[in-house]
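Protein chains: 2
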Amino acid sequence: MNFMVYRIGDDCVVVDAGMMFPGAEHLGVDVVIPDMSFLEECGTIHGVVLTHGHEDHIGAVPYLLARHDVPVFASPFTRELIRNRLAEHASVSADCLRDLPDDRPLQLGPFAVETLPVAHSIPQARMVVLRTPFGNVVHTADFKLDPDPVDGVGLDLERVAALGREGVLLLLSDSTNADVPGFTAGEKTIAAGLDQAIAGHDGRVLVTTFSSNINRMRQLVDLARRHGRRMALVGTSIQQQAEVAGRLGLLDFPSGMRTSPQTLMDGAPDRALFLVTGTQGEPMSALARISVDKHREVRVGPGDLVLHSARRIPGNEKSIGRMIDHLLRRGARVVTAANARIHVSGHPARDELRLILQLLRPRYFIPIHGEFRQLSAHAGLAHECGMSDDAVVLIESGDVVAVNEQEIVRAGRVHVGQVFIDATLDEVDWAILRDRRRVAGDGIVVAVVAVDRENGSMNEFPEVVSRGFVPDADGAENGVMSDARDVVLRTLEDATPEERADETMLKARIQTDLKRFLRRRTQRRPLIIPVIVEL
Amino acid sequence: MNFMVYRIGDDCVVVDAGMMFPGAEHLGVDVVIPDMSFLEECGTIHGVVLTHGHEDHIGAVPYLLARHDVPVFASPFTRELIRNRLAEHASVSADCLRDLPDDRPLQLGPFAVETLPVAHSIPQARMVVLRTPFGNVVHTADFKLDPDPVDGVGLDLERVAALGREGVLLLLSDSTNADVPGFTAGEKTIAAGLDQAIAGHDGRVLVTTFSSNINRMRQLVDLARRHGRRMALVGTSIQQQAEVAGRLGLLDFPSGMRTSPQTLMDGAPDRALFLVTGTQGEPMSALARISVDKHREVRVGPGDLVLHSARRIPGNEKSIGRMIDHLLRRGARVVTAANARIHVSGHPARDELRLILQLLRPRYFIPIHGEFRQLSAHAGLAHECGMSDDAVVLIESGDVVAVNEQEIVRAGRVHVGQVFIDATLDEVDWAILRDRRRVAGDGIVVAVVAVDRENGSMNEFPEVVSRGFVPDADGAENGVMSDARDVVLRTLEDATPEERADETMLKARIQTDLKRFLRRRTQRRPLIIPVIVEL
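For the record, the sequence lines run as chains P and V. Convert by adding 53 to the 1-based position in the first sequence; the result is the number in the numbering used here. Convert by adding 53 to the 1-based position in the second sequence; the result is the number in the numbering used here.
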């Protein structure tokens with residue numbers, strides 16, 4: 054969850070306000086955002102500067118705006134993504150959204166903020182330069198040095214070199230790939246791999262990639278045209294992002310190319326290319342549902358080809374693997390980045406980071422973005438580039454660092470917990486923000502389900518038990534728990550054998566159904582924890 | 054769980070009888086073995102042939118022997134590992150263990166069984182050839198074509214070629230790396246990488262590798278000698294396997310080299326090399342405990358070096374990553390197979406598999422060992438080698454295949470469930486075999502713990518709830534559940550802040566402590582499911 058506060062006296066600027074999607078260990082939670090209560094003691098917040106539109110950089114903006122009336126500066130694509138998100142939050146207005154200029158500095162209190170366009174796996178990403186009375190601070194956020202970007206927008210190394218000559222007090226730079234040697238290849242370099250994978254194939258083609266990777270989509274549009282295929286977008290997020298990109302002139306479908314999934318399914322297989330959400334095998338995503346033949350519109354079978362054109366986020370390897378196995382069982386051929394050149398990272402590898410360090414020659418350095426091992430690898434690289442131990446500070450969430458021309462020192466910690474948000478309901482409202490008091494008030498409901506792998510039977514289960522959950526305002530139970538048990542039973546009955554065999558998918562379904570039932574019936578949102586026991 | 058039954062009429066031979074370690078989704082379970090009830094209808098089992106000593110090939114042997122009085126044939130190293138395991142099972146005798154000859158066929162009913170020594174990541178692995186009236190069946194099990202193995206033992210390609218000339222009806226071959234191009238490098242090729250990682254380092258060195266990789270240990274002994282370091286083995290399994298290997302002449306420590314962990318900790322850091330269990334970040338393993346400073350004997354700090362000389366088993370990436378982060382936070386340097394050449398696979402890559410297919414020229418082929426996507430890749434390779442669709446059968450657990458000189462066909466399924474075993478207690482007894490009836494009888498206990506990431510506090514939690522668990526023979530509760538709550542409270546109090554922040558580790562501790570308490574107090578073994586909620 055990227056959320057950086059820069060402060061001089063009582064004047065602050067915030068760079069990025071992200072959320073994260075919880076891992077399997079955060080059962081019952083949909084979204085995690087930073088606890089922003091420390092902002093109360095930060096004096097005046099002159100503005101929020103957003104570097105790009107990925108959820109881990111903008112996801113917390115609605116929750117921030119619900120509590121703080123501050124201007125939010127972002128490039129057009131990023132701004133439109135936030136506007137879509139704000140439309141779901143009735144209590145938050147989009148009036149505070151402002152343009153982030155790229156041709157002149159923006160004065161926010163004592164900070165003169167400049168931004169440089171960078172290449173990344175989403176359009177209109179920016180690197181931030183904060184000019185302060187103490188010197189210049191460069192905050193790269195996510196970027197890569199793609200020398201031949203699809204949309205022609207990349208980092209101007211001349212400007213970076215000029216910054217270095219002018220002097221950089223402090224650099225904060227992207228560590229995601231700091232342990233990967235060499236340079237990250239440019240986005241265009243995978244065109245050949247994608248082409249080769251599709252060439253000569255006469256069944257349907259499904260491609261999954263991250264929804265916001267508009268330049269990847271542009272390459273796929275070219276590919277579809279070359280191979281005489283029409284395209285359909287499957288999944289809400291990919292449709293939304295394509296709509297925004299289209300409106301801003303960042304993505305263009307040739308006339309007659311885009312059509313509905315149903316039309317493509319009804320037409321000739323060798324004329325169809327589906328762009329599908331679900332790169333991480335997320336249980337409710339389009340591709341995961343297609344893989345177990347539970348999708349409303351799209352089906353795959355023998356002769357079809359699925360391209361996984363995306364990174365495997367650590368922790369998701371097993372769910373991705375299971376999804377691929379399901380697709381293979383249906384007879385589809387699956388090509389991934391492991392066996393073809395159809396994906397490339399959006400983050401800079403070690404030699405790109407070295408180049409940035411060499412051009413900027415910062416006095417002080419803080420590696421950001423990445424697990425501790427990547428921050429640590431990036432610090433090692435700074436040492437290779439001649440920086441001393443005193444000049445590099447490794448930080449984790451909540452650490453405060455003080456810096457001026459003479460020194461950089463650790464200066465204590467602020468409280469930065471995690472706040473869990475419940476967002477899979479029909480609508481999203483900032484008021485459901487789930488903090489400590491809220492969970493304590495609505496309690497916990499545990500649904501224990503026993504599945505027999507062989508026949509899917511359930512014996513005497515499911516059991517639904519609760520603690521601290523009072524279904525009714527006057528404390529009466531009114532059969533809610535036994536009805537909840539029936540809801541789970543129905544979920545199990547509706548599940549296909551493949552869903553029953555896939556615990557992650559089954560858990561997600563139980564959670565969604567039970568949550569919806571309890572909310573409608575009791576107006577309460579207990580934390581719902583599905584537990585699957587295999588017998 | 055590898056468990057293959059070959060059958061002619063009413064005569065059977067079993068090849069391998071493995072178990073698996075459950076993933077995070079099997080909370081409350083320690084070991085999973087195949088449901089072997091289908092063996093009851095298999096006629097006469099003339100013997101069990103074990104290919105090598107990895108748990109996924111031999112782990113179910115004690116449970117098999119508890120129900121079936123059959124001879125078990127294995128090479129000496131494999132046999133001694135099973136003997137150790139059987140010593141923990143009071144009711145099962147080791148009398149049935151037999152030598153697996155490598156110089157003459159073994160007649161088991163209508164099967165003449167021959168074995169060929171192969172290189173693998175454990176000593177004395179064998180490939181199995183079953184000569185039958187219908188033709189020869191080759192079952193490779195796990196192997197690699199290491200042309201220069203550390204112990205000099207590898208596959209004799211001349212014998213493989215002779216088998217091909219003689220004729221092979223059916224091949225079953227290792228698919229683990231079927232989607233990896235090229236050849237797997239030999240074990241000796243990593244000596245230089247290990248040497249380079251250690252050379253010039255003047256702090257302590259810790260190396261983690263799989264306990265049974267005796268040839269890796271031999272290379273580490275050489276390395277320690279070259280660098281003037283003494284060695285200590287940390288962790289039960291590594292000590293046991295080294296003891297067996299030493300007794301059989303497969304591993305030899307030069308005089309004075311091996312010492313206790315305590316002696317090494319007290320001595321000069323640049324004279325110490327620890328061999329440590331815990332390659333997968335398993336929460337109770339030696340290295341995981343060292344990483345959070347909770348190990349009884351070994352500590353790491355600035356100036357120390359940790360080498361991760363092992364594969365990352367899919368699904369374990371996050372726990373391994375977290376362990377590495379902890380080690381880095383303590384100031385240690387960590388080198389992994391991702392950034393140095395210090396590990397090599399024990400399985401054959403695509404071109405080795407191609408070679409085997411080309412030399413054996415089987416009439417029929419069944420890919421084994423691997424997820425469906427690897428089996429599928431191996432089937433694709435067989436097609437590349439000229440085999441027709443009819444000649445290759447993709448199978449999953451429980452599938453029955455019938456084969457003779459004319460055809461290979463699917464012939465239905467047998468019931469092969471999973472049986473869950475509870476094995477983290479003080480002793481292990483086959484009678485605790487946890488089948489459907491057992492879980493239904495002892496019930497389920499769910500411990501819900503809420504941890505505040507910031508301060509580790511617990512609010513009104515933990516809560517312990519149960520279903521189907523009757524603590525006392527006469528049904529009385531006797532305060533067991535509230536005492537259980539106290540046990541969990543104590544576990545939480547004893548945990549370090551780092552353990553509290555690591556949910557996998559915390560879950561494992563809660564489970565172990567609660568299990569032990571409930572068993573002592575109630576003589577019952579309910580399924581224990583720890584649920585951690587972060588607030």
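Don't read these hints as lab results, they were simulated from the structure. Treat the hints loosely; a few may be bogus.
Repeated chains share a single entry, so a pair holds when one copy, or any two copies, can fit it.
To be verified - Below are the SDA-like pairs computed for lysine to any residue, each with C-alpha atoms no more than 20 Å apart in a straight line:
{"hint": "1", "residue 1": "LYS371", "residue 2": "GLU449"}
{"hint": "2", "residue 1": "LYS371", "residue 2": "ASP109"}
{"hint": "3", "residue 1": "LYS371", "residue 2": "GLU335"}
{"hint": "4", "residue 1": "LYS371", "residue 2": "ASP248"}
{"hint": "5", "residue 1": "LYS371", "residue 2": "ARG300"}
{"hint": "6", "residue 1": "LYS241", "residue 2": "SER441"}
{"hint": "7", "residue 1": "LYS241", "residue 2": "CYS149"}
{"hint": "8", "residue 1": "LYS371", "residue 2": "PHE425"}
{"hint": "9", "residue 1": "LYS241", "residue 2": "ARG394"}
Everything numeric in this text was worked out from a predicted model, so none of it was measured.
A quick look at each hint next to the structure:
no.	hint	verdict
1	LYS371 <-> GLU449	between (28 Å within a copy, 18 Å between copies)
2	LYS371 <-> ASP109	between (22 Å within a copy, 19 Å between copies)
3	LYS371 <-> GLU335	both (11 Å within a copy, 17 Å between copies)
4	LYS371 <-> ASP248	neither (28 Å within a copy, 34 Å between copies)
5	LYS371 <-> ARG300	neither (37 Å within a copy, 39 Å between copies)
6	LYS241 <-> SER441	neither (38 Å within a copy, 38 Å between copies)
7	LYS241 <-> CYS149	neither (36 Å within a copy, 63 Å between copies)
8	LYS371 <-> PHE425	between (23 Å within a copy, 13 Å between copies)
9	LYS241 <-> ARG394	within (11 Å within a copy, 31 Å between copies)
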